[in-house]
Each structure stands twice: as C-alpha cells, then as structure tokens.
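Take these sequences, add in the hints, and give me the full structure.
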Amino acid sequence: MRPDAAAALSAAGRFARRPGLWLFLLLVAAIFLMPSAGILFHALFPDDRHLIYSRATFLELTLAHCQLVALSSLAAAAAGIGLGVFATRESGREFAPVVRAMAAIGQTFPPVAVLALAIPALGYGAPPALAALALYAALPVLEGSITGLDGVPASARDAARGIGFSPFELLWRIELPLAAPFILAGLRTAVIINIGTATIASSAGALSLGSPILEGLSAANPAYVVEGGIIAALLAICVDRGFDWLSELLKQK
Amino acid sequence: MIELRGVSKAFGAAPAVVDLSLSIGRGAFFVLIGPSGCGKSTVLRMINAMIACDRGAIELRGEDIRAMDPVRLRRGIGYVIQSVGLFPHWTIEKNIGAVPRLLGWSRETLAARVEEIAALLQIDRELLRRYPHQLSGGQQQRAGVARALAADPDIVLMDEPFAALDPVSRASLQDEMRRLHAETGKTFVFVTHDMDEALRLATHIAVMKDGRLVQTAAPRDLLNRPEDEFVREFFGREAMGLRLLDFVAVRDRMRGRPRAPETIGADASLRDALALMIERRCSRLSVTDGGGGKISEIDIADIIKGQDAT
Chain A
1 MRPDAAAALS AAGRFARRPG LWLFLLLVAA IFLMPSAGIL FHALFPDDRH
51 LIYSRATFLE LTLAHCQLVA LSSLAAAAAG IGLGVFATRE SGREFAPVVR
101 AMAAIGQTFP PVAVLALAIP ALGYGAPPAL AALALYAALP VLEGSITGLD
151 GVPASARDAA RGIGFSPFEL LWRIELPLAA PFILAGLRTA VIINIGTATI
201 ASSAGALSLG SPILEGLSAA NPAYVVEGGI IAALLAICVD RGFDWLSELL
251 KQK
Chain B
1 MIELRGVSKA FGAAPAVVDL SLSIGRGAFF VLIGPSGCGK STVLRMINAM
51 IACDRGAIEL RGEDIRAMDP VRLRRGIGYV IQSVGLFPHW TIEKNIGAVP
101 RLLGWSRETL AARVEEIAAL LQIDRELLRR YPHQLSGGQQ QRAGVARALA
151 ADPDIVLMDE PFAALDPVSR ASLQDEMRRL HAETGKTFVF VTHDMDEALR
201 LATHIAVMKD GRLVQTAAPR DLLNRPEDEF VREFFGREAM GLRLLDFVAV
251 RDRMRGRPRA PETIGADASL RDALALMIER RCSRLSVTDG GGGKISEIDI
301 ADIIKGQDAT
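Chains as they are written, first to last, in the UniProt record's numbering: chain A, 1 to 253; chain B, 1 to 310.
Incorrect hints may have been included.
What the hints assert, rightly or not - Simulated DEER-style distance windows between Cβ atoms:
1) A/A12 <-> B/A119: 48 to 56 angstroms
2) A/P167 <-> B/R66: 33 to 41 angstroms
3) B/D166 <-> A/E90: 32 to 40 angstroms
4) A/Q252 <-> B/A266: 58 to 66 angstroms
5) A/P97 <-> B/E227: 46 to 54 angstroms
As the list claims (entries may be wrong) - Only some residues are given here: those of chain A computed to face chain B with a beta carbon under 10 angstroms:
6) S155
7) R157
8) D158
It should be emphasised that the hints constitute simulated quantities derived from the structure, not laboratory data. From the three backbone atoms N, C-alpha and C, an ideal C-beta is built for every residue, glycine too.
Following this line, the structure appears as structure tokens:
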C-alpha cells in the first residue's frame, strides 16, 4: 500500500473512532432534514395523512427540550451538590441519612405524578415540568456528591486542616476537586435521565420533543412518534458522549 | 515558646489528658513518648487548636491560643502526620507550596522557596513534577516535611511521622531531622512510641502514661535516673545500660598509651567500642584521632566503670 494511502486510511480510522462527531452530525441532520423525509415516512407508514410534524420546527422543539433539561439539571446540580456538601460536614453528618432518604423518595415518585401534582400549584407549561425534572434528577447528583466527598482520604483532610486550610479552602481546593469525577458521573446520569423524561413535559403543555410523540400517540400517527423519538434518542447519545469527553478531560488535569 | 498549664481533655467519659503542664523552650527538640492511647497525640493536636482543651490554658509565644484565629495560628505552625496526607490531585511541587499559596506569596517567591526547601530535604527536582502516588513512602514523607516547613514556621509539630516507614528511610529521615533542627533552631514537638527514635532525636523527652506526665528530662538523665518502674520498663530495663553507652564518647574514657592492634575513632560512642571488642574478641582498643594517628587506649573496664556517675 502506498504511504499516503495508508496515512489517509489511518486518519479515517481515527475519525471513525470518534463516534461523538458522527453522532452529532447525525443529530444535526435529523433536526434539519426531518421535514424532507416525507417520502421515507410514506413508505414506512402507508397513509394519506400528513406524516411530518409541523406545529413547530424540529429545531424549535429541540431547543425548547434542551432548555428544559438544562434548567432542571442546573437546579438539580445546585441542590444535589449543596445537600451533598451539607451532609458530609461535621455539623450535617447526622442529617445524611435523612437527606439520602428524602432524595430517594423524590425519585420514587413517577415524574408524571409529580407533574400532575405540580400543575395545580404552578399552572400549565414549563414550570411544573421543570419542578418534576429537577426533583427527579437531584438524587444521582446527591449520591455522586456524597460518594465523592466521603472518598476524600481522611489523612489529606487532617493534613489540610493542620497546616491551616480554612473550612472553605479545604472544600474548594481539596474536597470538591477530588470528588469532581463522582459528581460529574452523577450529573451525567441525571442529565441523560432528564433528556428522556423531558418528553413527558409536553403533557403539561410545555414545548419539547415530546410534543410530536404525544400528538402522534393521541392521533394514532406513529410517524410523529418516530420523529420525536429519534431526535430525543440522538440528543441523549450525543450528550452522553459529551460527558465522556468531559470526564476524560478531568482525568488528564 | 509553648506553655501548657493544667490542661485537661476528655472524649466523652474517657479522659485523654489529665491536668498536664509542660514548658517547651525555644529551639527544643521536644519528644512526647508513651504507649498508645496515653494522650500524646491529643496534646500535640491541642497545641495547634485542632482539639480544644476542656480545662487549662495553652500559650504560644506568650499568647493564649484561644485568643487567636485557629486558621492563622496553624499557618504559623508546621504539621506532619504519620499518614502524610499529601493531596493526591496535586503535584509534589504544588503540595509543598500549599501554605505559602494560602498566605498569598508571589509566584516568584513561592517557586524559589519550593526549590530551596526541596534542596534542604534532598528531594530530587524531577520528583517535584510527579504526583504523590508515584513516590515511595519515604519520599512522600520527605515531601510532607517539606510542606510543613515551606512557610518557615518557628514551631513544627510531628505526630509519629516515621512510624510507617521502612527502617532505612526512617533512619535517613531521622538524620535529616537532627540536621534540620541543628541548622534552623526551630522548636520541634515530636510524638513517637519508639524509644530509640526519641533517644536519637530529643533534647527533652516527656514520658506520658494514661493522660498524665510521668517524667520530663534530657535523654541521658532519663536513662540514668528513671522516675519509676514504668519509665524503667518502657525504656527497656535490660537494654538501658547499653543505651546509655550511646551518650558517652570514647574520648571521654580513654587513657594510657596505645598498645592494642585494633583501633577505634575517638568520637565513636562507647556502644560502638563495646560492639567492636565483642566482634574482634579483644578487651582493648587503640584510639585514633581524626588524622588516623593512635593517641590513646580504651579498656573494657573503662567502658563499664563509672556508669552511675555520668
């Protein structure tokens, strides 16, 4: 084989070994090319009806979906890390079991039930969806935070205190950096769960990738379900790859 | 430098330290020794306010520690523990510079200081870029000591720092501590349960038992005049005489003209002389000075006599 051909082949190999890039391109293609896939859907679902969801563009749906996930995950991260820090302090250690139990109960509530309960209080639209998602995502972040902070070697903590780290400096410079991989793993689980769960936000009237799915289900139009489902799945996979990359980055540091 | 007056501390119902008074002078190498659970580590951790005492008062440099901010207080005191406690996510260089960075030293001052302290403790420059887990136990504790000394504190607290090391690393770090103490004149407070380590390093030894002070004395006085059975027992009864020989040089006992064929240096200890006699199966050694010339002689009887008088 000629050397430049071999080089091109190995470059192609390197590219192929970065599935994140492929998947992201696939996601972008799915968002923008879905409206042109009418022929495909007509072949799959022989039907005279309109087979491409058109109440909103898929870009709008995806962005609204991402916004729901981002806001709820941010709230879950703040609550999870904050409670995790509290539960691992000297003064809060006795509350650790209570905090864990509360978060576990939060996760046993089906998100749909939380949504139903939140609607009377928060009205229709994004707010009840955000509340349900945040409640649901807080547990993995909390678990990751507690595991990570508990895993900080006692000797490092003792030495830091002994040479004059203030409690905040100990937390910020020693404990959180050492716990970061575990917190990130918890956050990853939370976000991925939320991307899937955010589809039910549409049942509270919020715009999301669940909108075509719900409409497709109620109108017995499987094409809509497939359209929303494909993009939501690709989004989840891409974000997961992103977290993979982040944790690699953290390891190198 | 450090004054403890009537200090008591109990953990729950169990008393750890009972009405303890100690005075540690500037520049002392003060060793707290006793069996495990005697309260020696608690005393150490009360000095830098990691543990608050229930009763009594502790003064550092003439100031009551309760009046000081504990964080600032600790930044002025070196602290070394048996488990080292290097920060696993930081390089050795960053670990050593931890306290100066907290104190807000400039980048240049900090870099120069890390270089200086690494040289002082004979830490290889290439080790500075590594992470703690890539170092041996002895190297890690060297870095631990370097971190404690980085901000140039005048007091250094050490809690059984070498107990977990192999004998070779331990001996070399003990030598390092003796040299550091002699060169810097800092006040060391050192906790150990190893009596040979205590005798080797200390200018003063305080023996503790059940949270109380049994005896405080210079090493040689402790061996010559143990306060009670406990101290005698702790210092190894039978071996006490041999340990005493460590504190007398051949120079102090030599007499007469050199006739024996085997030789020993004048600055060697009586223990070395006795060991050599046993090994060579002789009862006399010629004593040589620094240049190697024979200057006098020592007899086995000279080693044995007058032990009580020293």
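Status of the hints after comparison with the structure:
Judged by the Cβ atoms, the range 48 to 56 angstroms given for A/A12 and B/A119 holds: they are separated by roughly 52 angstroms. The beta-carbon spacing between A/P167 and B/R66, approximately 19 angstroms, falls outside the hinted interval of 33 to 41 angstroms. Between B/D166 and A/E90 the beta carbons are some 35 angstroms apart, a value that agrees with the proposed interval 32 to 40 angstroms. Checked against the hint of 58 to 66 angstroms, the C-beta distance between A/Q252 and B/A266 comes to roughly 60 angstroms, which is consistent with it.
Between A/P97 and B/E227 the C-beta distance comes to about 50 angstroms, which sits within the given range of 46 to 54 angstroms. Satisfaction of the interface hint for A/S155 is found here, the shortest Cβ-Cβ separation to chain B being roughly 4 angstroms, below the 10 angstroms cut-off. About 8 angstroms separates the beta-carbon of A/R157 from the nearest beta-carbon of chain B, less than 10 angstroms, and the hint is met. Nearest Cβ of chain B to the Cβ of A/D158: about 6 angstroms, under the 10 angstroms cut. The hint holds.
When held up to the earlier numbered hints, the structure conflicts with hint 2 and nothing else.
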